[in-house]
Amino acid sequence: MLSPPIRRSRGLPKVAGLLGLALVASGCTVANSEYVTGGGADGLRIVLPQEPPTLEACQSSLTATGVVVRSNITEPLLERDPDSGELEPLLATEWEQTSPETWTFKLREGVTFTDGTPFDAEAAAFTIDRAVNSDLACEVEGYVFGDTDLEVEAVDETTLTVTSPEPDPILPLRLSFVEMVSTKTSTTEKVREPIGTGPYRVADWQAGQRLSLESNPGYWGEVPAYKNVNYVWRAEGSVRAAMVANGEADIATSLAPEDGAGELAVAYANNETTALRMQADQPPLDDIRIRQAVNYVIDRKLLAETLFEKLAQPAGELIPDGIVGYEPDEQIWPYDAARAKQLVDEARADGVPVDTEIRLIGRNAQFPRITETIEVIQGELAKAGLNVKIEMMDTNAQLEYQIRPFPKDTGPYLLMIMHGNQAGDAAFTLDQYMLAEGYQSSWGTAEFDQKIRAAEALVGQERQDAMAALWQYEQEEITQYAYIAHMSAIMAKSPNVSYRPNSASGDEMRLAEMSPVS
Amino acid sequence: MSATLETPLEAPRSQNPKLLTLLLKDKVATLAALVLCFVFLTAVFGPMLVAEQAREQNLLNANAEPFTLDGGWLNFLGTDPLGRSVLARLIVASRTTLSVAVPAVLLSLVIGSLIGMWAGYHRGRRETVVMRIADIILSFPSLLMAVVVLYIFSPSSANLVLVLAITRIPIYLRTARAESAELQSRLFVDAARTFGTKPTAIIFRHVLPIILPTLLTVATLDFCFVMLSESSLSFLGIGIQPPSVSWGLMVAQGRTYLQTAWWLSFFPGLAIVITTVSATVLASWARLATDPAQRWRLTLPRHKRGRKEVK
Amino acid sequence: MSNLLEVNDLTKTFDVKDGKLKALDGISLKLGKGETLGLVGESGCGKSTLARTLLMLEKPDAGTVRFDGTDPFALRGKQLLAWRRRVQMVFQDPYGSLNSRMTAGQIIAEPWKTHKHMYANSRDRAARVRELLHLVGLRPSDADRYPQEFSGGQRQRLGIARALALQPDVIICDEPVSALDLSVQAQVLNLLNDLQRQLQVSYVFISHDLSVVRHVADRVAVMYLGRVVEQGPTEAVFERPKHPYTAALMSAAPKLHQADRGERILLKGEIPSPLNPPSGCRFRTRCWKATDICASAAPPLVQDPESKDHGAECHHPMESPRQLALA
Amino acid sequence: MTGFLRRRAVTSLLPLIAVLLGVFFLARLTGDPANLYLPVSATPEQRQNFIEANGLDDSIWVQMWDYLGGVLTLDFGDSLRTGESAAAMALRAFPATLQLAFSTMLIAVVGAVVIGSWAAYRPNSVADRISSFLSMTAASVPDFWFAIVGVWIFAVSLGWLPTSGVTGGMASWVLPVATLVIRPLGVLTQVVRGAMVSALSAPYVRLARSKGAGDLRVVTHHALRNAAAPALTVAGDLMVGLINGAVVVETIFGWPGIGKLMIDSILGRDFAVLQACVLLTAVSIFVLNILIDIGYALLDARVREKVSA
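Protein sequence lines, in the order shown, are assigned to chains A, B, C and D.
Read in this note's numbering, the first sequence has 40 at position 40, and its numbers run on one by one without any break.
Read in this note's numbering, the second sequence has 1231 at position 231, and its numbers run on one by one without any break.
Read in this note's numbering, the third sequence has 2285 at position 285, and its numbers run on one by one without any break.
Read in this note's numbering, the fourth sequence has 3082 at position 82, and its numbers run on one by one without any break.
Hints may contain errors.
[What the hints assert, rightly or not] Straight-line Cα separation of at most 20 Å, PhoX-like style, residue types lysine-lysine; simulated pairs:
| id | chain 1 | residue 1 | chain 2 | residue 2 |
| --- | --- | --- | --- | --- |
| 1 | C | K2308 | C | K2030 |
| 2 | C | K2268 | C | K2289 |
| 3 | A | K310 | A | K341 |
| 4 | C | K2113 | C | K2078 |
| 5 | C | K2078 | B | K1198 |
| 6 | A | K389 | A | K341 |
| 7 | C | K2022 | B | K1198 |
| 8 | C | K2059 | B | K1198 |
| 9 | B | K1198 | C | K2308 |
| 10 | C | K2022 | C | K2078 |
| 11 | C | K2059 | C | K2030 |
| 12 | C | K2078 | C | K2116 |
Think of the hints as simulated: they come from the structure by calculation, not from any bench.
If we strip away everything but chain A, and leave its shape as in the complex, we get:
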């Protein structure tokens, strides 16, 4: 559906000839065989876009790290089912809220880390302390807990209590991000290879080349189907796709529609939502009419159908289906270029400096066709009468604009963001992106903050309804964002592997769910 394998073109024979010449010159032709990303019959080969910088478990909120570590090398106390959204027991067998601030966890017995140390309440307390309360500045702390410190206590070998300063209805969900590590792990610095309880352990890491995992012989649960797993990394999407097509890898992640995976491509909704964040404190973006105009010029339907090849859904909120707080009847901003122009003209008539240059900032390779998307938006904004300049940045540069403290004297800018709520609850999104002082929010109102806080304190259906109602309010009263689309991801999968990707696969690819097709 995505693309035919290869189309012979007029340009190709010439190139083929040249390359052939070079080939003959170097005197090697080798029959297609096992070129080894590893493995053999009971091995699985996965190609990622980048090498994990580290496998430190408390950094597994980093996509590149988490996709390898989470639930493969290490495991949390409990995990969220990406389909149902329910929390399911893992290293904890049961849990309950024993007081408004305190949750008590019953831990699984007979589990040991791969270094032989037993997993018990002591170890769980150690891990949570290390990840959340220490000075390590772990990613998981920032992403999941903010600046909240937790009080952890090992009551007995299998009982653990965790107390938060304020009542926290979703504390177990938060704790599902803390991957348990052995008590022998350093508390003063991050480690490169974690010792966990998962179905796999690190066998061999040849930095720059490949990472091999082997199954954990002492694993407490079901033995996974593949004994060995090899990860390699290639930055170029078409090469990743080619590796699966060529039988050098079994699974390739983060592909674009045009990468040429052909029939091997599997698309799946991945929890990510794209949006433009408007720096609403900077003129002319401080005028709501301009922010509305930005919203009017984005033809979300057309983008989803053409540029995103029907793999994305137009969005009216920052979280997708399946997350607590999702509003199923999304209000999609209609495309109305004339209205946008009219709004800009009105603002100009009122003395708003609409001719100020507005920067449209994107991050290179953040999602497939981001440059094209940004070019479309720039073109439409220009037609509406705004002066918009595209700036594509590398990650570090773009993060300076995305995360507080924002750089000073930037002038007005529109920032392309992509948010993936890995946690399953809108609270994470709201705290970061909606609160007036949120780490990734440029602006808000006290009233909106109050509504957010109130919704977050609720539980159950009330929580869902209160949160879902916030999105329309944001669109109408705040208009900090122009939501664009709920995205999908594409992976290429060899027909020899049985695996069904889910919305969490991009962040947590469970090897135990994969098996050979027999």
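Add chains B, C and D to chain A, keeping to what the hints say.
The following block gives chains B, C and D in isolation, referenced to the frame of chain A:
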């Protein structure tokens, strides 16, 4: 003693018409010159005609196949993922491409050659210092320089020119220095010294004209290199920024579509190839044509040219 | 005849990889107006260095140069430029000394680009170029041609025309005909002689070819390993060489008349390295008359009794032409 | 020779320090890496801790002195990204790049000499024109284009080669080397051809021919040596480019070389690793330049011998 014969002496002035006739005798070089003229004219006037069409998006007609007139003649070379005319974009891109490549090459050519000639002519410590500076620039990762310059200043064409020019200066510096060091020991340079000619004047009168053809050959090769570097910067996301468009950017952006829409990167790539091949052909012709000792070769039919010299 | 050029005790040493090379070791010469000084010696004896020093292409370590009473090395700016105009050079290699990218006219006119005052406008210059071409025996229409379109002799004429462009008082000719065919050599030498008569210009004429020197020079200086070992009026030196080295050179030179040929003196060995010249008399290692004293003391200047302007530095000067024949 | 080497080593020291300092300052102009390495929630205190822990709070001059002091004791600092020693990372990546660069250059030089001489031997023959046109074309096509097309043709469609990686034995070298070799081969072929054409018409070669030296002998013994000097210059410059990172090819083929490491550390604001990489490549480029100069001297001596003989 005072013979006054009326013979025209303005030899250099009478050379230009001669060059043109020489050029017309060489079909390949003429073709190359025509192609270059065409490219330059396109770069100058093309954008006036099709700037609007190059911007015009039509997502419903994205990645349309080339070689059909169904979408109008502008879509004859297909459309890009935003449904813009590849042909119109090629035309608009020619200006950006040349306005980056030509100044970058000229800047590095002028600066590198001047310093190189100066160092080679004077030799000694000046030469050593200059060569070590060339080493510094050469061993400095141009990519880092690009990232830094484009980070601190915005990635505009001017800054791109700056980065590319700086990284290419050592090439001319080394070439010019080597040749100039050799030339400064020649007898006709000594002769000029005996007239009391100043070093600068000698460099411009005797050194420059002789090494200019070599430098120009290097420059045409570099012209190609600069376009490719610009493309590589785009590959890494720090080149020309859309909605501006250059051939290099088109190739880089189109590469991901090589299997589904080969025309996106093929045509701009072809434009780069044709332009640089033409420049190279013309440069090697000019090298012969401006060298009085070699010019006679151009008056021979092409297939005989080489034979004569090896017999 | 007053001396236009006087050189006293000129010394020039080069730093080379393996030590110090004494290219000039106490050279003293003089040249009168309208006179030709022949400078003879084997290659590597320092002739060219001397020429380059006289043209201020090299700076001497010690010794003085007096040109018309002034030291050119002390000159700066305009005065230096004015001096440059008065001393010109004709090079050995008529190929390398002409820039092959310039036409004959441009080459001849080149000096005026530096000495701008000499001709006010391009028409005057063009006229003067034609004159000069005519003067050296080329056609005015040759101005548009490139050096490689000329024969070797014609090129050397171009070189001479260029040297004449500044109307110099002295032209230093560094082996001006050695690269030419014999028949052409004579033409060029005659041209030089004619020009000297017409223009009263002085020549320093460097050559390893004695017959050529005899043909053009009024006085001759013989160089060996950076030092003038014998000098005097041409006839005196050729008739009665005092230094065994001069005698050996003479015997090696081809003679025009069969009868003039004496026995050839074959010098033994190579020229010693100038890096490490022999002590005492520098010629002693190859001299058949050498005795112990030659190794210990520098040879004295011996005057020719028949010509007081003719002398040689030798412990055992040649007595007479007869002795030459006997040796 | 040893004197020359010593002098070059000494005169190269200052430029190396200049390169090091240049990278040091330039890298720090690309922004504070805190955002990349700290969680979004990082408090001002955590930011301060991070900055202090990495010595980024000192004045840039103090940082510079610390760094230079470290370099003198061969301590290049640790990577922000991986926590490993920066020097170890750079040294691990460098051989991969060197192997790639040397094999590329070897093929390019041999190929260019053969094709260039052959073309120059009969200038403007059909063979000459074809090889000239191909070499010009080859020199002007972007390498990533060749790489991606090559992967699809030779790995996917034909199945002859692995797409990428270094673990496939000899076969995995073919595509990266073939991609890299195209431009140097094209450029060098043109240089060799040009130099050979003029060398073959030089007087002493004509002399050798007139003395009855065989064609092959003339080419190999006389002309080629003379043509070697310009080829050496260009090959040196191309080699510098290869050592300084075949970034694009390394990125596409997942080749764990210094170019990839450099771009990753630039994008990751991993200053210590970047500095180690640059110093390593700079040193090798300086060594390369010295080798080239020695090559010139040798060539020069031989050419002179030939001419005078």
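Now for the hints, and whether the structure bears them out:
Only pairs whose Cα atoms come within 20 Å are accepted, and C:K2308 paired with C:K2030 is accepted, the gap being roughly 15 Å. With a C-alpha separation of about 12 Å, the suggested pairing of C:K2268 with C:K2289 holds against the 20 Å cut-off. Using a Cα cut-off of 20 Å, the hinted pair A:K310 and A:K341 is violated, with the two alpha carbons roughly 28 Å apart. Distance check on the hinted pair: C:K2113 and C:K2078 sit about 15 Å apart at the alpha-carbon level, within 20 Å; holds.
Between C:K2078 and B:K1198 the CA atoms are separated by roughly 12 Å; this keeps the pair inside 20 Å, and the hint holds. This hinted pair checks out: A:K389 and A:K341 have alpha carbons roughly 18 Å apart, not beyond 20 Å. Restraint check for C:K2022 and B:K1198: the C-alpha separation of about 29 Å exceeds 20 Å, so the hint is violated. Only pairs whose Cα atoms come within 20 Å are accepted, and C:K2059 paired with B:K1198 is accepted, the gap being roughly 17 Å.
Restraint check: the Cα-Cα separation between B:K1198 and C:K2308 comes to about 44 Å, which exceeds 20 Å; the hinted pair is violated. A distance of roughly 32 Å separates the Cα atoms of C:K2022 and C:K2078; the hinted pair therefore is violated under the 20 Å criterion. Using a Cα cut-off of 20 Å, the hinted pair C:K2059 and C:K2030 holds, with the two alpha carbons roughly 19 Å apart. Using a Cα cut-off of 20 Å, the hinted pair C:K2078 and C:K2116 holds, with the two alpha carbons roughly 12 Å apart.
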